[in-house]
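> Given the structure of chain A, go ahead and fit chain B onto it with the hints provided.
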Amino acid sequence: MKMADGSTILRRNRPGTTSKDFCRWPDEPLEEMDSTLAVQQYIQQLIKRDPSNVELILTMPEAQDEGVWKYEHLRQFCMELNGLAVRLQKECSPSTCTQMTATDQWIFLCAAHKTPKECPAIDYTRHTLDGAACLLNSNKYFPSRVSIKESSVTKLGSVCRRVYRIFSHAFFHHRRIFDEFEAETYLCHRFTHFVTKYNLMSKENLIVPISDGENAAPGESEA
Amino acid sequence: MGTNSGATAGINNKPVGGAGAGVLGGVGANSSIGGVLSNSLGGGGGGLSISGLNSGGQNANVGGLVTGMGSGNNMNDDGGNGMSGGGGPNNQQATTPQYTIPGILHFIQHEWSRFELERSQWDVDRAELQARIAMLLGERKCLESLKSDLTRRIKMLEYALRQERAKFYRLKYGTDPPQLNEFKPTNEDSGLTGDVATDSEVPYSSVSNTTWRQGRQMLRQYLAEIGYTDNIIDVRSNRVRSILGLNNNAEHDGSSGGLGTGGENLSPNINGNESNKRASDTEGRHTPAKKQVQQASDGIIIDTEAAVMANFEFLGPTEMSDDDEISDDLEMVATDSDDTDVKLAKRAKSGKDMLTEEVDGSLGLGELAQLTVNNESDGAYDSNAKDGTGGSAGGAGYRKTWNAKYTLRSHFDGVRSLIFHPEEPVLITASEDHTLKLWNLQKTVQAKKSASLDVEPLYTFRAHTGPVLCLGMSTSGETCYSGGLDGNIECWQLPSPNIDPYDCYDPNVHSGTLEGHTDAVWGLTTMQNNIVSCSADGTVKLWSPFNKDPMLRTYTAAESEGVPSSVDFVRNEVDHIVVAYNSAHCIIYDTETGKQVIKLEAAQEMSGNTGKFINKVVSHPTLPITITAHEDRHIRFWDNTSGTLVHSMVAHLEPVTSLAVDAHGLYLLSGSHDCSIRLWNLDNKTCVQEITAHRKKFDESIFDVAFHATKPYIASAGADGLAKVFV
Numbered sequence: 000m001k002m003a004d005g006s007t008i009l010r011r012n013r014p015g016t017t018s019k020d021f022c023r024w025p026d027e028p029l030e031e032m033d034s035t036l037a038v039q040q041y042i043q044q045l046i047k048r049d050p051s052n053v054e055l056i057l058t059m060p061e062a063q064d065e066g067v068w069k070y071e072h073l074r075q076f077c078m079e080l081n082g083l084a085v086r087l088q089k090e091c092s093p094s095t096c097t098q099m100t101a102t103d104q105w106i107f108l109c110a111a112h113k114t115p116k117e118c119p120a121i122d123y124t125r126h127t128l129d130g131a132a133c134l135l136n137s138n139k140y141f142p143s144r145v146s147i148k149e150s151s152v153t154k155l156g157s158v159c160r161r162v163y164r165i166f167s168h169a170f171f172h173h174r175r176i177f178d179e180f181e182a183e184t185y186l187c188h189r190f191t192h193f194v195t196k197y198n199l200m201s202k203e204n205l206i207v208p209i210s211d212g213e214n215a216a217p218g219e220s221e222a
Numbered sequence: 000m001g002t003n004s005g006a007t008a009g010i011n012n013k014p015v016g017g018a019g020a021g022v023l024g025g026v027g028a029n030s031s032i033g034g035v036l037s038n039s040l041g042g043g044g045g046g047l048s049i050s051g052l053n054s055g056g057q058n059a060n061v062g063g064l065v066t067g068m069g070s071g072n073n074m075n076d077d078g079g080n081g082m083s084g085g086g087g088p089n090n091q092q093a094t095t096p097q098y099t100i101p102g103i104l105h106f107i108q109h110e111w112s113r114f115e116l117e118r119s120q121w122d123v124d125r126a127e128l129q130a131r132i133a134m135l136l137g138e139r140k141c142l143e144s145l146k147s148d149l150t151r152r153i154k155m156l157e158y159a160l161r162q163e164r165a166k167f168y169r170l171k172y173g174t175d176p177p178q179l180n181e182f183k184p185t186n187e188d189s190g191l192t193g194d195v196a197t198d199s200e201v202p203y204s205s206v207s208n209t210t211w212r213q214g215r216q217m218l219r220q221y222l223a224e225i226g227y228t229d230n231i232i233d234v235r236s237n238r239v240r241s242i243l244g245l246n247n248n249a250e251h252d253g254s255s256g257g258l259g260t261g262g263e264n265l266s267p268n269i270n271g272n273e274s275n276k277r278a279s280d281t282e283g284r285h286t287p288a289k290k291q292v293q294q295a296s297d298g299i300i301i302d303t304e305a306a307v308m309a310n311f312e313f314l315g316p317t318e319m320s321d322d323d324e325i326s327d328d329l330e331m332v333a334t335d336s337d338d339t340d341v342k343l344a345k346r347a348k349s350g351k352d353m354l355t356e357e358v359d360g361s362l363g364l365g366e367l368a369q370l371t372v373n374n375e376s377d378g379a380y381d382s383n384a385k386d387g388t389g390g391s392a393g394g395a396g397y398r399k400t401w402n403a404k405y406t407l408r409s410h411f412d413g414v415r416s417l418i419f420h421p422e423e424p425v426l427i428t429a430s431e432d433h434t435l436k437l438w439n440l441q442k443t444v445q446a447k448k449s450a451s452l453d454v455e456p457l458y459t460f461r462a463h464t465g466p467v468l469c470l471g472m473s474t475s476g477e478t479c480y481s482g483g484l485d486g487n488i489e490c491w492q493l494p495s496p497n498i499d500p501y502d503c504y505d506p507n508v509h510s511g512t513l514e515g516h517t518d519a520v521w522g523l524t525t526m527q528n529n530i531v532s533c534s535a536d537g538t539v540k541l542w543s544p545f546n547k548d549p550m551l552r553t554y555t556a557a558e559s560e561g562v563p564s565s566v567d568f569v570r571n572e573v574d575h576i577v578v579a580y581n582s583a584h585c586i587i588y589d590t591e592t593g594k595q596v597i598k599l600e601a602a603q604e605m606s607g608n609t610g611k612f613i614n615k616v617v618s619h620p621t622l623p624i625t626i627t628a629h630e631d632r633h634i635r636f637w638d639n640t641s642g643t644l645v646h647s648m649v650a651h652l653e654p655v656t657s658l659a660v661d662a663h664g665l666y667l668l669s670g671s672h673d674c675s676i677r678l679w680n681l682d683n684k685t686c687v688q689e690i691t692a693h694r695k696k697f698d699e700s701i702f703d704v705a706f707h708a709t710k711p712y713i714a715s716a717g718a719d720g721l722a723k724v725f726v
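Protein chains in written order, with numbering that gives the first Met the number 0: chain A, 0 to 222; chain B, 0 to 726.
So that you can see chain A by itself, here it is in the shape it has in the complex:
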C-alpha cells in the first residue's frame, strides 16, 4: 500500500481511497494475523485475489478450527448474497413472484415469522438474509468468533438450506440476474462446493446445476 510509512505495511482504507485501491494491499499470511477476525480477513483476502478460485478459497488452513472456518464462510456468503438481493429487488416484485418457488415442486415458507408464512419471493429473500444476519451475529449462539459451540454448528446447516433457496429462485425465475451475478462473484459455485464439502446440505436439494469442470463458468452450464 502506498501510504505505508517506513517498512511496515498498514492495511487501511483511508478516506479518499478510490474503489480500485480499496483493500488493495499485499496479502498477509494467516499465521501473521493476530486479530480475532483473522479467519474473516484471510477468507476475504482469498476472494479478493481471485473469486473464481473456489477450491483455494475453500481450502481450510491447517490447524484451523473447522467450526470457525465454516461459520466465517457462511457469514461471507450471506454478506455477498446481499448483492444478489439488491439486484432482485429491482425485478422481483410481490406481484410477479407471489411465492418463494424454484421449481414447481416446492413452495417455501418463510421461517422468519412466528408461524411460517407464504411470503412473496422478495420478502422471503430479505427476511431470510435478515434472519441469518441476526442468527449468525447472535450473542447467544455465536458469542465468539474464535471458537464455536458444537450445538451452534448445527445451526449452520439450516441457514445454508434457507439461503440456498435464494440462488435457486434467482436461477429459475431471474436467470439474467443470476448469470450476471454469478459471472462476477462465482458465489453459487462456491456455495455449492462449500455445502458439499462440509456436508451441510443433502445432494438432492442442490437443484441449481453447477458444472464441476475446473474453469467452466456457471452460466454456461445448462439446466
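The set of hints was computed from the structure by calculation and includes no laboratory data. Note that the Cβ used here is the ideal one computed from N, Cα and C, for glycine as well. If a hint is listed, it holds; no wrong ones were tucked in.
Heads up, simulated DSSO-like pairs for lysine-lysine below, C-alpha to C-alpha not over 27 angstroms straight-line:
id	chain 1	residue 1	chain 2	residue 2
1	A	Lys-47	A	Lys-196
2	B	Lys-154	B	Lys-166
3	B	Lys-442	A	Lys-154
4	A	Lys-154	A	Lys-139
5	A	Lys-202	A	Lys-154
6	A	Lys-113	B	Lys-442
7	B	Lys-547	A	Lys-89
8	B	Lys-442	A	Lys-116
9	A	Lys-19	B	Lys-611
10	B	Lys-442	A	Lys-139
11	B	Lys-404	A	Lys-139
12	B	Lys-404	A	Lys-148
Not the full set, but computed from the structure, chain A residues with beta-carbon under 10 angstroms of chain B:
id	residue
13	Asn-12
14	Thr-35
15	Cys-118
What follows is chain B alone, placed relative to chain A:
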C-alpha cells in the same frame, strides 16, 4: 558640585535619620546602585534615573522582608546612600536635569510613606498567619487528644460488649462461652435485639468496608477537582464544630457505655436498645454521605464532603491498624461522621430538608430506621456498579461516566459510519457488508451478561453494490443519505421506528439515487435540505435531493491538494463548507459563489506532509472553529476566520479516524485505530474519558463516533462489525 552632592546627602539623610551606620552598612549596595544610576542617566531624563534607583531600592526592600521583617528600615537607608554615593558622577555627567530639591524631597517622602504602608501591611499579614498557625496547632492537639480518647472508648466498649456476651452466654447455657468469636455472638445478639439490628448488621458488615473505602476514594477525587485548598479553611472550622459536637456525643455515649460496663445488674433490654440505636446510627452513615456526593455542585455540600473526608482521614489509620476490631471501629466512624452530618444538616438549613430528615430518621428508631437501611443498600449497590468502570457517581451529572449499554451486532463486516436520529433513540449504521441497518434502542434483547443489551435491527437498507462508507441525515430525521464505494449516494425514507423487522418489502423506502460521483463517496453531511459530499474522484458536490436536478454545484480544488477525504458544513456560517484534502490542508468554500474563502494551514506544524493526512473534519456547532483528525495521531483546532492553527494535541496512540462534537459544543468525541474512543472537554482540551470499544480488523479499528443531538447517547462503529452505544 561639592555643594550639590553634599546637599543631596543631607537631604537623603534627613528623612531617614541616623545616617552614620547606614553609610557603613550601605557600602555594598552603593556601588551597584550607583552603577545603575549612572547608566540610566546616560540614557537621558533625570526622572528616569531616580525611578531606576528607586526600583533598585524597592527590590532590596522586598528581599529584605522575605528574610526578616525588621530590616525594612535599613534597606531604605541603603537606597538613600546609594543615591548620595552616586551623586558624584551623577552631577558631573548631568548637571542640568530639572530636579528641584523640593521635588526630590517630595518624591522620597512619598516613597517612604509607601514603604511604611507596605510594612504595616506585612506586619498584619504576619500576625494573621501566626494566629492561624496557633489555631491549627491547637486544633491538632485537640484532635489528637480526641483520637486517643476515642480509641480508649473503643477498647472500653469492646470490653463491655465481651463481658455482656459472656454473661448472656452464661445465662443462656449455664456454662462459660467456649470462645469469643466476633461473628457468632453478633448473631446471638441480633436474635435478642430484634429485627432492625438483624437487618442492618448483616449487610452492613459485608458491604460497609468496601463501600466506605470507595466512598472515601470518591470524596478524595472530588476534593482534588474542586481544589482542596480553597475550601481548607471551611474544612477546619467544620472540624472544630464537629469536635464540639462530638464531645457532647462522646459524653452521652460514654455514659451509656459506662452503664453497660458498670451496671452488672442491668437487664439485657437496655443493652439491646443501645446496640439497636447504634446500629441505626451506623446505617445513617452512608446514606447522607451518598446524598452529599450526588449534590456535589452545591457549595455547602462540598464543605460537608470535605468535613466528612477529614473525619475519615483522621480515623483511617485507626481502622487500618487493628483489623481485628474493624467492626467496632466502624461503629465509631459511624457515630462520628453521623454527628458531623447532624451538625451540617443544621447548618445547611437552606432547604436541605432531605438531609435533615435522613439524619433524623436514622437517629430515631422505628420504621424510619428501616427505611434508611434500604437506602443504604441501594447506595452500596450503586457505588459498586459504578466502581466497575472506575468512574465517579454520575447522579447529578457532575461528571458523567459513559458506560457501554447497547451492542449492535448484525453486520457481517466493518461498520463504516453511524448516525443518530435527531430526536428518537434511533440510529442507522452503514457497513462494508453493503447494507445499512436501522436500530431502535428501545427494542432490546436482554443479553446473557446483563451488563449490556443487544439490539436487533429493525430494517435493512439494500441498494449499494459495494461497501457503504458514509451517512447523513436530514434535520427532521425523516430522510437519510448514504454514500458508497460504488460512487452512488442513496436516499432513504426512514421507516417507522416501530416497524416489524419482518414486514413486507416497501420499495418506496429507497427514494432515489444521486448519481454524479465517479468514484467512492467518502464524506457526506447535511444542512437543512442540502447535502454535500466528497469523493475519491477529487470533487466535492452540493446536492439538493428534492430538486428535479439535484446536483447544484461541484467544487474542485487545485491538483496539488489531492483528493478530498472529509467534508462538513461550517455550522456558524451560512453557505460555507470546509473540505479536508489529501494535502492535509482544509479549504473553506462559499457554496454560493464556489470560491475558496480561506485555507486552513500552518506551515510549520504541517511541514513534511508525511502521515499528516486528515481522516475527518468537523466544524464546531457554534464557534468559528474547525477540528481535524489526523493520521499522525493528532487532533488539530483551526480558526476559521484567520485560517491559523489554534491548538494541536496528540490525542491517541494510533491515527485518529473520527470526530464528533456534541450539540452544545462542549465535548468532543474521537475514535482511533488504537481501538479506543476518547471524550474531550473542549474547554480545556483534556481527555475526560477513554473507552476501549472495538477490535481490529487488519490495521483498522474504529471508523466512526457520534453524539445523539438531544439524548444522552454516544456511539462508536468498528471494523469488527459492531456498533456500540454508551449511556
